[in-house]
Structures are given as structure tokens and as C-alpha cells.
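**Student:** Residue-level listing of the chains:
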Amino acid sequence: MDISIKWVKEISKGLDKLAGLCFFAVMLLVVSNILLRALFSRPILGTYELVGLLSAIGISLALAHCAFQGGHIAVDIVVNRLSTKWQAVINAVTGFIALCFWLPATWYLFKYAHLMMVKGLVSSTAQIPVYPVIYLTALGLAAFCLVLFVKFTVAVRNALADISLAPYVWQPELSDPVLSDPVKKAS
Amino acid sequence: MSPFTVGLIGIVVFIVLLIFRMPIAFAMALVGFAGFGYLTSTSAAFNMVVQEIYNTFSSYSLSVIAMFVWMGFLAYYSGIGSRLYIFAYKLIGHLPGGLAIATQAACGIFGAVCGSNTATAATMAAIALPEMQKYKYDTSLATASIAAGGVLGVLIPPSVIFIVYGMATEQSIGKLFMAGILPGIILMLLFMGAIYILTSWNQTLGPPGPKASWSERLQALRGGVIEALAVFIISVGGLIIGIFTPTEAGAVGAAGVLFVALLGKHMNWEKITKSLLDTTRTTAMIMLLIAGAMIFGRFMAVSRMPFELASWTGSLALPPVAIMGMILLIYLILGCFIDALALILLTIPIFFPIVLNLGYDPIWFGVIIVLVVAMGVITPPVGMNVYIIKGIVPDIPLEVIFKGIGPFLLAVILCIVLLILFPSIATFLPNLL
Amino acid sequence: SKDTNTVELKLAHFWPSTHPAEKELVEPWAAAIKEATEGRVTVTSYPSQTLCQADGIYEGVINGITDIGVSCFSYTRGRFPVLEVFELPGIRYANSKVASKVAWEGIKELNPKEVQDTKLMMVLTTGPGDLYTKVPVRQLSDLKGLEIRATGLSAKTLDVLGATPVAMAQSEAYEALSKGVVKGNLGPVEVLQGWRQAEVTNYLTQTPFLYNTLFFVTMNLDKWNAISPEDQKAIEKVNEEFFEKVAMGLWDKQNEAALKWAVQEKGMEVINLSEEEQDRWINLVKPIQDEFVTKMKQQGFQGEEILATAKRLSEKYNAEYQ
Ligand code: NA
Ligand code: NA
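Chains as they are written, first to last, in our numbering: chain A, 1 to 187; chain B, 188 to 620; chain C, 621 to 942.
Extracted from the complex, chain A is given alone in its bound form (with noise of 0.2 Å):
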């Protein structure tokens, strides 16, 4: 069981650099159309499509980590006010829920990548395909799915299980412990 959150930990975190890569590339992408096109009349035909695709995937590729680092807001003044146990309960049927939703979601966007190959779409001035970043930002999805997986098992586990087990209760681990502590980080 541990192994497996690990490997999904894993993924999702080589996911992120990826997309952190991806922004990377629309900020050196944009700042040399614009000096190319400033400097020499000589802009980067496709910059405007590009900068789109590559969000596409850079988004897409982050959500799975964001979504193991709880990153994903929810309104928890209610549900933070019972027991550990009955928060696991809560966490495995909205996990159930949103799985429920999600995982056909991904499937329907493997579909429409499929179809967008099959059709031809290419973006409009450049006409690079875009089925390619379609079935990326369908396999960003997957993995976001495998995450939210991973967190209903632990949930489920959780409820199941006695409270002696808290360790296993998730527990949201942030990129950089300072941002949510600033003052410790300033001192």
C-alpha cells in the first residue's frame, strides 16, 4: 500500500517538473517573440498557438501533484470540526464521488483527442497537429485520477480502520513548508 502512494508520488512530482519545464518555455517563447519581432520585424509565427498548447500541457501535467498536495481548495470549517474518523468516512464518499466523475471525464478527453487526430485539427497559423497535446493534457487527467485513487483508498482505510492508525491519515505536504508559515522562514 505504501509503496504504491510512493510511486504515485513518484509520477506525479516528475509530472510537475515537467510542467514547470512547460512555463519555463512559454516565458523564454514570448520574451524572444517579442524581442525578435521589436528588434528585427521578425516575429515567431505561432508564438500566440504555441503559448496555448504549452499552458495546455503545463497545466494538465501539474494538476496530479497539486492534487496529492491538497492544493486544490476546499471549504473545510464544517467537516474539521469532527473526528478523525468520521473526516476519513466524508473524504471516502466525496472521494468516491469525485472519482466517479472524474475518471469518465479523462476517458471522454482520450476520446476527443482521438477524434481531434482523426479530424485534422491543426492550430490556425503555424498548423502544428494538436491531437498530441490533447492526449497529453488527457494523460495530465489520468494521473490526476490515479492521485485522487490513492487519496479515496487511504480515506477508506482510514475509515475502516481504528483511530491508533493516524499516521496513515492524510496529510497534505506542500512544495515549501514556508509559504505557510512565513513568519518561521523570516526569523
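None of the hints are false.
Label-pair restraints from in silico Cβ distances: (1) A:Trp107 <-> B:Ser498: 35 to 41 Å; (2) C:Ala846 <-> A:Trp107: 24 to 30 Å; (3) C:Val780 <-> A:Ile11: 42 to 48 Å.
Computed list of lysine-lysine pairs in BS3-like fashion (alpha-carbon distance at most 27 Å, straight line): (4) C:Lys917 <-> C:Lys931; (5) A:Lys111 <-> C:Lys733; (6) A:Lys119 <-> C:Lys728; (7) C:Lys728 <-> C:Lys654; (8) C:Lys931 <-> C:Lys906; (9) C:Lys853 <-> C:Lys643; (10) B:Lys461 <-> A:Lys17; (11) C:Lys754 <-> C:Lys880; (12) A:Lys6 <-> B:Lys461; (13) A:Lys13 <-> B:Lys458; (14) C:Lys873 <-> C:Lys936; (15) C:Lys936 <-> C:Lys865; (16) B:Lys458 <-> A:Lys17; (17) B:Lys458 <-> A:Lys6; (18) C:Lys915 <-> C:Lys931; (19) C:Lys865 <-> C:Lys843; (20) A:Lys119 <-> C:Lys915; (21) A:Lys9 <-> B:Lys461; (22) A:Lys111 <-> C:Lys843; (23) B:Lys458 <-> B:Lys323; (24) A:Lys17 <-> B:Lys452; (25) A:Lys13 <-> B:Lys461; (26) C:Lys865 <-> C:Lys853; (27) C:Lys873 <-> C:Lys931; (28) C:Lys857 <-> C:Lys728; (29) A:Lys119 <-> C:Lys917; (30) C:Lys728 <-> C:Lys915; (31) C:Lys931 <-> C:Lys865; (32) C:Lys728 <-> C:Lys865; (33) C:Lys643 <-> C:Lys654; (34) B:Lys458 <-> A:Lys9; (35) C:Lys843 <-> A:Lys119; (36) C:Lys873 <-> C:Lys886; (37) C:Lys906 <-> C:Lys728; (38) A:Lys111 <-> A:Lys13; (39) C:Lys733 <-> A:Lys119; (40) C:Lys873 <-> C:Lys643.
By construction, these hints were calculated from the structure, which means they are not laboratory data.
Backbone N, C-alpha and C fix where the C-beta goes; we use that ideal spot for every residue, glycine too.
Dock chains B and C with the ligands against the given chain A, drawing on the hints supplied.
**Tutor:** Coordinates of chains B and C with the ligands only, in the frame set by chain A:
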């Protein structure tokens, strides 16, 4: 069941899911999907969800959000933001709430570069929040003031909302931009006033520091302001002399901070990586929220709820001011649940002709609409700006931020009242054109 | 026939609710269909992308997000390879009447497979686009290196003419023009008034051979088949009537009004290119047509014939609707 009823049930289910701690983006997408599916078909609803997700993620105009978020984190990790706030603290930190007041000024200045409330809130949160916490400012006050200050991003030109409004109503976007300047400054001053009153009344909210001498201030100036000024000149300068567009300004801003920080040797590879990974997390969160809001908006459209509410208001036999009051009240209520941009698109087609018939100025109403958006993005349960702040500082509970919103909401309402009493605040500048 | 077979249809488009596309085409057309079918078929319009994003509308019609959709073919490039012929630069269209008639007749002749997955009700066009700029463009050399806002195929067109195309949404163009990030825009004259761009440009160079945008009005096949044959016939009749009387010339009316406004209210100067100058421009964009033919052939279409059809029809209707 009538579509209207389905819409109402959808909102109730949405709130229930929120109470049970379902992530907000999931709840919006799920309810939007279910409602849309009920009113059309399941496969249509799945296809709609997929389209909205891909379109939102691959949107060129939204890509600017990631860039501004990164810019904020770069400023944080390089310490530029911190050094800027040391200067601000030395300058006005002896006043109660001084730093929060300075942050409003920073929001206003940043609003002149950035046309989006979400990006303004995200960037300012990444830079200013850690600093305000460092100086023991109350968390509610600090977060809520930035959530509200983000609105200055759409009131002070450039502004996405003015562009959308101008497009939907065929009004001059130039005039709308001009019209936003004075109300933008007034709202900023009202926010500052709210902070000053709050912190004077309870000094623990924004504890005043020791008064610094002018030589200390000059020293602090050398520390951070020059770097910040360099970044500001690169991005605002380029925008004003027309080298790049507001959407490109995000990438230029990020590149600018990176460049200045590398030059000042404040940056290393590890910090760059950290800033990027915080950016991916925050952006993924924001974009999934926006996609969720889009999906929910599609459901609201097919439920025809906003359309029916709007035409009902128009049919009331009341004096103009009362109808205007009703319109604002409906916006305040709908704005609690529907994302700002979707709300404008859904309601403007019906409200705009009514407002013209009542004899109100279309440019003036544009400013009112932006202020209405300002209310929507900070009111619970769907308050995009508040969500963004929460995404940047995940450890602060959502309700702590919403708790601080009250005074700022009052400031926005006061600004609207001022505009109703003195419409020339908005119409004076554009009429000079 | 008095069957209970009533069909309620949603129509998605992207124009604001005040736009002539809604007020003069969609609303009267929906009313005419209701009347022609004695209330058995009703259409509810969702303007301003409230139901579907502009570039998702065609797909949305196929998979049932909306029942009827009105949008641009070029928002999903590659999806409609044959229809790209009607937007190619280098073919002269006198006005939107001509361009719309050419496209609609052309589609009937070529019967391309790419639009068989929906029930195409009519097409219409913006008609030719002009260059509106901050500095005068009287000849090719004036265009050299000039930053012009353009997306899609137009970006390519401006590139071969020596200009510097800058891609951005139409909604961003006003701001970019006012700050000088771009020095001009290429598009139907309507944009000058609709998007207020006459406020930030000074010259208008007439280029009726550089630009055209093709819009579709199309319906989900299942929904179409759910309508009784008599009602289908009645709707087809309404469609033909609205194509001829409203859709074809819809943009001409707007373009004329916008031109008048831009010249009289905003003091824009209109520049006409000489015949030789126009030929020079048309020669430069020829390679884009050649590229189209080559690509068509690669995909197994009769590229030359398709291009020839568009050219033949444009000559025919230019003479008829001058
Ligand atoms: Na702004
Ligand atoms: Na709200």
C-alpha cells in the same frame, strides 16, 4: 421539473458538496456536469466538460495568469519583494496598518500593468502576504485586503472586464478605460481608509512599528526599491511605449524579475525551481477552478435562471433608482455563486437595454458592472480572489480570509453609492475625449 | 398534420446579443421557423458564447451540447480542409453578398465530406477585409515590417506581403492599437465600429482580395431527423429565403455603416490601391493558393478543381452583385 428548479437544486447541491469538503473546483464541475446532463444528455455533458477543460487550459489570454503568478513567486524567492517591504515598513510602518495600506498602493500600481483581478491578487499575495505576516499583521486583514485589492486590476486600465463589457454592449473601450481611472483611485483610497480605521480601532490587526529615521529609509531604498523599480520600468515602460501587449506583460514581468534577481545575485537554480513548482501548483489550482466555474456557468445558462431573474427585474414598475438597486442586489446574490465573467455575459444582454431605458449612461454602467464584479470575487461561497489567495497560502483556512472581507465589501458598496450619487466620477474623464 | 412532434432547439453563437447576427439573422430566422412549422419547431438563442465557446461550436453541435450552432469554420483549422478555399487570399470578392453566394453555391457543387456530419443550413461570410492602420499604406513598401494584428491564415498572408503579423484576440486589438504594439489590423470594416477600432486607427486601405471569413449555421443530424419531413421542407424553404434576403448581405450592411461612421465621425482616410499595385499584392499571395492545392492533393482531393470552382464562381457573382 422546470429548468429553473433544476438550477436552484443545483445550487443547493453545490453548497452541500462544499460543506462536505469537496474541493471547490470539483464541486462546480460536478454539479455543472450533472445539471447540464439532466437538462440535455449525459454524453453531451461529458463532451461539454471536456471542451471547457481543454479550452480553459489552452487559452492564450489565460496563460498570462501563470506568468504573473510565477513573477510573484520569483519576487518572493529572490527577496525582492521582501526588500521592497522593508522600505515600505521604514517609510510608513509606524502608522497603524501601514504595510497593508502600502500594499493597496502596490495593487493599484500593479493594476496598471495587469488587466486581470485573479492575476493581480495572485501576484500581490505571493509578494506581500509573507511580508505582512512577518510584521505580525492579522491574517484575516492581510489576506482579505489583498483579495479586495486584486479588484483594482480590473478597475484601473487595462482591464479584461471593460473589454468584455465594451464588446457585449458596443461601447468605446477607450472611454471605458478612462472611466475606470478615477473610481479605481477612489476605491483604492476607500480600501486604505478601511484598513486605517480597522487598525486604528484595534492596533493588533496591523501593529505600528518604530518610526524610522530618514537615513534608515534611504538605506532601505537602496536595498530593494531600485530592483523593484527596474522591474517596474521594464514592464510598465514596455507596455506604455507599446512594445508588448498586456497579455505578454506577464511573461515580461517574470523574465524581468528573474533577470534583475540574477543580476543582483539573489537567485540560484534551486530557488528558480522552487518558484516554478509553486507556480505549477498554484496555476493548476486556479485553472481547474476557472474550468469548474465555466462548466457551472454552462449549467446556469441552460437552466435559464440568470436570464429569467434579469427579465423579471426589468418588468418591475418601480422608479429608476429602485430598479438599479434591484439590479445591484441581484448581482450581489448571483455574484455569490457564479463566476464574474460568466455572470456578465449571462446578464448584460438583458440588463443593458433596461439600464439604457432608465436613462443611465452606458459608460457609467460599465464602471458599475466592474464594481459589481469586485463584490462577486470576494463574497462567499464562490469568491475567486479569495480562492486564489488560499491557493497561494494553503495553510490559512478559507473562512479566515472571508472573515476579513466585510469592511472591504462595504468599501466597494460605498464606492457604488458614490457613483450613483455623483455619476461624473466615472463620466468626467471619458467626456474629455 | 397535427402530430405532437414538437422540437425545442438550442442555438449557440458567439456574437453579443446586440449584434446584427443575433438581431437581424438569428432572432427573425427563429421566428420564421416557428411560424413555418406552426410552432412545432422552436429555437432559443444563446448569444455571447453563453452555451459554448466559439471554437467548440461545430463539435458541440455534433455531440449535442447545442442543437444548432453558428460560428467560423476557421476556428478549428484542419477540420474543414476543402472549405479553406473560400478564405484563400488572392481571390477578389466585391462584397459579402458575392463571397457568401460563392461559398454556398461552391459547397453545394463540391459537396465536401467534412460537413456531412451535421445538417448545414446555410453559410455566410464577412466578405472582403481591409487594412486599417495608424500610418498610411499606399503601396507594398509602406507595409514592410509594419506590425499588423492577424491570426490564422491572415498571419501567413501578411507575412508573405512583408508585414510583421502579430497574433492576438480581436478583443485585445483595441488596446494594442492604441499603445502601438500593432500599427494596424486586417479584417472586415465592421470591426472599425463594432470593436471601436476606428478610434485608434487613421487610414483604411481597401484590399478586397486579402481576407474573407466563412460562418456556418448548422444543426445536429439526430435533431434534424427528429423533425417531420413536412417541417423539414418548411425549414429548408425558410433557410433559402433567409440566405438570400438576410445572411448573404448581412456584413455588407454593417460594413457600409461602419465605413460611413469611420470616415464621417472619426475622420478616417480611405486609400484605394491602383490596379497595378493590387496585381503586385495578388502575385505575392499566389504561393498560398499553390500551397493549398499541393496540400489538397496530398490529402487526396482535387486541389486544382476546388480552387478553380471558387475562382469561377467569384467571377460569376462579382459580375452579378457588383
Ligand atoms: Na488593470
Ligand atoms: Na462570490
